[in-house]
Structure formats: structure tokens, C-alpha cells
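Chains as they are written, first to last, in the working numbering: chain A, 78 to 341; chain B, 224 to 603.
Please note that the accuracy of each hint is not assured.
[To be verified] Computed cross-link-like contacts, DSBU-like style, restricted to lysine-lysine with a CA-CA straight-line distance of at most 35 Å:
{"#": "1", "chain 1": "A", "residue 1": "332", "chain 2": "B", "residue 2": "457"}
{"#": "2", "chain 1": "A", "residue 1": "301", "chain 2": "B", "residue 2": "457"}
{"#": "3", "chain 1": "B", "residue 1": "602", "chain 2": "A", "residue 2": "335"}
{"#": "4", "chain 1": "A", "residue 1": "332", "chain 2": "B", "residue 2": "532"}
{"#": "5", "chain 1": "B", "residue 1": "549", "chain 2": "A", "residue 2": "312"}
[Stated by the list, open to error] A few chain B positions that, by computed beta-carbon distances, are all more than 12 Å from chain A:
{"#": "6", "residue": "227"}
{"#": "7", "residue": "375"}
{"#": "8", "residue": "501"}
{"#": "9", "residue": "595"}
[What the hints assert, rightly or not] Short, incomplete list of chain A residues facing chain B, as computed with Cβ under 8 Å:
{"#": "10", "residue": "142"}
{"#": "11", "residue": "152"}
{"#": "12", "residue": "156"}
{"#": "13", "residue": "198"}
Read the hints as simulated data drawn from the structure, not as lab findings. The C-beta atom is built at its ideal place from N, Cα and C for all residues, glycine as well.
Below, each chain spelled out in residue letters.
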Amino acid sequence: MFTMGIDIGSTSSKAVIMEDGSKITASCVIPFGTGTSGPQRVIEEVLQAADMDRDNIDYIVATGYGRRSIPGADEQISEITCHARGVHFLLPSTRTIIDIGGQDVKVIRVDENGAVMNFVMNEKCAAGTGRFLEVMARVLECKVDELSMLSNQAKQAVPISSTCTVFAESEVISQLAAGNSREDVVAGIHDSVARRVASLGKRVGLIPDVVMTGGVAQNEGVVKAMRQELKTEIKTSPLPQLTGAVGAALLAYQKIQKAQQANA
Amino acid sequence: MSKVEEILSELGYVAHHPARMVEQWKKETGGKAVGIMPIHCAEEVVHAAGMLPVGMWGGQTSISLAPEYLQSFCCSIMKAVMEFTMSGAYKNLDAIICPETCDTLRVIPLMMRKAIPQTPIIGVVLPDNRKIDAGIKYTAAEYRSIAKQLEQITGNPVKDEDLQNSVEIYNEHHAAMMEFFKVAVDHCDIITPYNRHMAIKSSYFMPKEKHTVLVKALIDELNKLQPTQFNGHKVVVTGIMSEPDELLEMFEKYGYAIVADDLAQGSRQFRTPAPADDDPYIRLGKRLANFEGCSCVYDPEKLRGKLLKQLVDETQADGVVVLMMKFCDPEEYDYPFIKQDLEEAGIPHLYLEIEQQMESSEQVQTRLQAFAEMLAERKN
């Protein structure tokens, strides 16, 4: 039995096909999110990777910011629930999830079964999100992917005190103009993200194991800054960008099982 | 249309047409109308003066004029109030009563006096030490001062016996509202979050004795129906108010029923009756003294969380939704205490930041959906 999980974020589209809720058959990430060609493309490409068509898929769950605009999805489930289920599958010892996506930061407490116990999200503000890092990368004339490498070469992080993305951008420009190195400024930016996310995390309480998911979890500089800020070990999901989609595919399988049990 | 639907439709109409209701009342009675800013302003005094008290809780409007007076970090309710003030929406109000409930409200009377100098603005300062004898007397004196200022507008004295009568009318109305909330729990399919809110909001735009008649008729009609089993998520909401309407539609979309509230615009207005006393102003002072669990009055014992737990227990609710009005300092200060009490009691809660002017509902939707999924999982 095959299920598909589709996670349409603000900046990327992710899809996973799973067999019997236990094995990942195919996965795909397209760097375009809701409102673009990304959702359509990610579905086409994941089906192509699995050598399947829509008829081979028994149930599709859509999640993420663009979850309500996926034609053909059988159900929409929030990304909070999907991330919890996905992380539980990938790292069962997880009790706290820090998910940093394109425009959302979520901290989710889960129990030993992967059920959500509590969660908090950032408010309408880009501070601490992937978008924040994208804006900073533009000022620093580098790619987002290069931020981690740059911060690794930093000698002394330059403090970036502004929380607001717009003000932080001006502050970064000022720091560069003052002669600080790009590497030191990037390290300061990562510290700024860590401080912002940590304050959110402290509201739900950080119980180990703490695991980071989302695209920003691929940035080792942010993960390192988070470890320092929270003074705790932080693991990263083995499939950081796909965690929500994996959870959606697992929940799709659970739906079919429940329906079958009800009909038995 | 059933009788219940008829009443709900009427309440909904009133709630959505405050200006028309004021106009109609003035035409019918030749009386004057007085705007009442939140909260604890003793509407009874206005009622006793033969005037129509009109609730001023903001509303859905685009904000363009208000920033002349209010900074971006003021709450959306006060921004909407100032917008309506400056755009002339309150032109039919013959006076406005404004308490110093929070830091923003503290300066609103000054702004209003400048923005609409033709309208008398009556300021009220309520005491922190509201429970001691001197505090009760002080509250009574503040309310008496309102009466004196209203007398100058109407030219007629506010007699003690009239105020006693008004207090009784309000006690009866408040008891009817609390009874309605109880009855509504058995009819979550009919008394949806939206309809429940309409029942509350309409009370601010019509004479209370008329509203009581409608609410009692609604209770009678609901009592004739078989209680219905509700399979969704029963929640208690707490905060200032449950607006805008889109928010309540989202509650319905994700299967919530509001089975009790601790809203400043809702139950906090109704749950504490004015006790008996020969002096009607002292009655109102004692009511404020007896009142508990509101971010807008000084509460050294921090009883609000315990009150919420009690509401959850009484209604067998699945959780609490904290409707946090953005930039509302009093509510934000209360939240850590509420959070602690709810967590200690094992009651799941959702912190939901809201604004009267919601530009984007996506984040609110995600939170409400995720909380609904979380509550569903707990039941399984």
C-alpha cells in the first residue's frame, strides 16, 4: 500500500511516497513553494522517481502553508502534527522539535508516541526564520547554503542586536561598513536566529532529545548557535526538509488502516 | 425559519448594526445615547439616566486616521475606536464614558476630547484597592460622578430609586446570559461560536430589558429541544473578545464549540451580580469588589487560572483557547499565571494571538487546526 505526503511550504515544496507506512519509496524537494509551479512539479517528480502514477497512491495527505491548495489531496493536516509524526518515525527518542522553515518557526513538544503535547509558533514576523537568513545572504552577497561554511570560519561573532529583519539588515550593512568580516557577521546572524528561536522554545520547555527540522536545520552554523544558546545537545533530522512530508505520508497510512479496521 | 433561528437572526442583526440601533432608539424614545468604553463602567448609571448605553469595543474597519493619535503598538480595539471616533461613526453618541483600564485607555479620553470636542468625554478611574471599604466608597463616588455629568447632559436628576431599578434590570439580564451559556452547552450544533458571540455582542446595542426578553425566549426554545451530542472539541475561551467573525468561522471549521468563556466582552460582564444595599452606587462598588479573574482589575491572588480550571471542570471542556489580543498589556501580564495553572492541572491550552483587523488568517488557521488535531489525538 502506497501513501503520499506533500508538504508545501512558503519557499519549497516537498513530497514523499511511502510503502506500508514503513519504507520511503521516493522523495523530492523543489525549491519553490506555495503559489508557484513547485507543488505541481513536486507531485509529478516524486511519482516519476517512484515510477508510479496517481492511481498507484492509496491516500494523499497535504500539509504546510499551501496544504489547502493541492488538488487531489485526500486530506489536509497541519504541519505541527505532521512534523511530530515524521520526527517520531525518524528519531523516536525526540521529545522536542524545533522546526525552522521559510517563514515559520515552531517548537513542538511530543510524547513517546509522537503525539503533540504542546506547541508554539512565531508571530507574524520573519525574525529567526529561513526568510531572515535569505535576506541576510543577499546583503552578504552569498548563497544561503554558504552561510554555514562562512560562520565556521568566524573568529569572533559580531553581535546583531536587532530582532526585526529590516533593522537587522541595516545593522548587518553597518557592521560590514565598519570593517567587520563577512564570516564574523554571519556568525552574529546565526546567534541572532538562535536567540530568537530559543526564546520561543523556552515557552514550551525543551525536553531532550531536542531535534531540529526544516530547511534551516541544514545550516550547521545555526544548529551550533542553537546548542550554545540553549546549552543543550541538539540533533538534526536525517531528512530535515522532508520531515513534514514523511509525517503526512505516515498519517495517510494511519487513515487507511483506520478505515479498513472500521470496515472489517 | 424556526423560532430559535428567528431570535438568533435578530440578535445577529443587532450585533452588526449598532449605528442603526442607536438611530432607531433615538427616533422611538427621543432619548440620548452614551458610548461605554471597556470595562467596568457601570452601564446601569446610564440606563438610570434614561439614556441608551452603547458598547464601544472597536470593530472591523481599515485603519487610516487613528495613527495620528495611536502608535503601532496599541491594540487593534483602541485603534478601531479612534478610527470610528475620527471618521464620525460615533456622531450619534451624546457622551462617551471612558475608564482608565490600561495604558492606552488612560490617554484615550484626551485624544477623544481633541478629536471630537463637541462630545462630552467622561473619565472614570477605578481603584486598585477595590475590596476594602474605602475602595468600595471610592468606586461608588466615581459612578456617582458619572451620574452628575449625565444629569448635566439630560437636564434631569438620576434618582436613587431609578438606579436601584436599573441595577435590578441588569442583574436579571446578567443572570439570563449566564443561564443561556449553560443551556447552550447542550446545543452546540445550534449555538455555534458565531451565534454565541452574536448573543453577547447584541446586548451592547439595545436596552438590556429588551435583550433579556430575547435571551429568555431563546433559552425557552432551546429547552424545548432534545440535547444534542457534540463530537467536536469543547473549549473554554479566555481573553478580551472573540472577534473578528472570521475567527469564529475558523472555530467552526475545525470543529470547536465554545462551552464557556472568560471574555471581557462576555462572561466577565455577566458573572458577578450587584449585591443588595440601600445605596445603589454602593451596590455597584460592591460588585466590583466581589468581581474576580479579570486582567483589568487588580488581583493579587491571581485567581483567573483557577477560575478557568473550574470552567473546564464544569463544562467537561477539552481545553482552553487563550485569545490574546495583540498588544494588550493587561492580558499579556496575566498569561504566565494562567499558563502555569493550566499546565499544573493538565489542561491543554492554545495561545492564539488575534487582532480585530486580521490581515492574514493563515497562522491562526494553522494553530487552530493543529490544536484540534492535538485534542483529537488525546481523546483516542
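Now for the hints, and whether the structure bears them out:
1. A:332 <-> B:457: Judged against 35 Å, a Cα distance of about 23 Å means the pair holds.
2. A:301 <-> B:457: Violated, because 42 Å separates the two Cα atoms, which is more than 35 Å.
3. B:602 <-> A:335: 15 Å, holds
4. A:332 <-> B:532: 33 Å, holds
5. B:549 <-> A:312: 34 Å, holds
6. 227: At roughly 32 Å from the nearest Cβ of chain A, residue 227 of chain B sits farther out than 12 Å, so the non-interface label holds.
7. 375: Nearest chain A Cβ is 46 Å from residue 375 of chain B, so the label holds.
8. 501: Non-interface label on residue 501 of chain B holds, nearest chain A Cβ at 50 Å vs cutoff 12 Å.
9. 595: 8 Å, violated
10. 142: Result: holds, 7 Å to nearest chain B Cβ.
11. 152: Cβ of residue 152 of chain A sits 11 Å from chain B, so the hint is violated.
12. 156: This hint holds: residue 156 of chain A lies near chain B, its Cβ roughly 7 Å from the closest one there, short of 8 Å.
13. 198: With a minimum Cβ separation of about 6 Å from chain B (threshold 8 Å), the hint on residue 198 of chain A holds.
Violated hints for the displayed structure, listed by number in ascending order: 2, 9 and 11.
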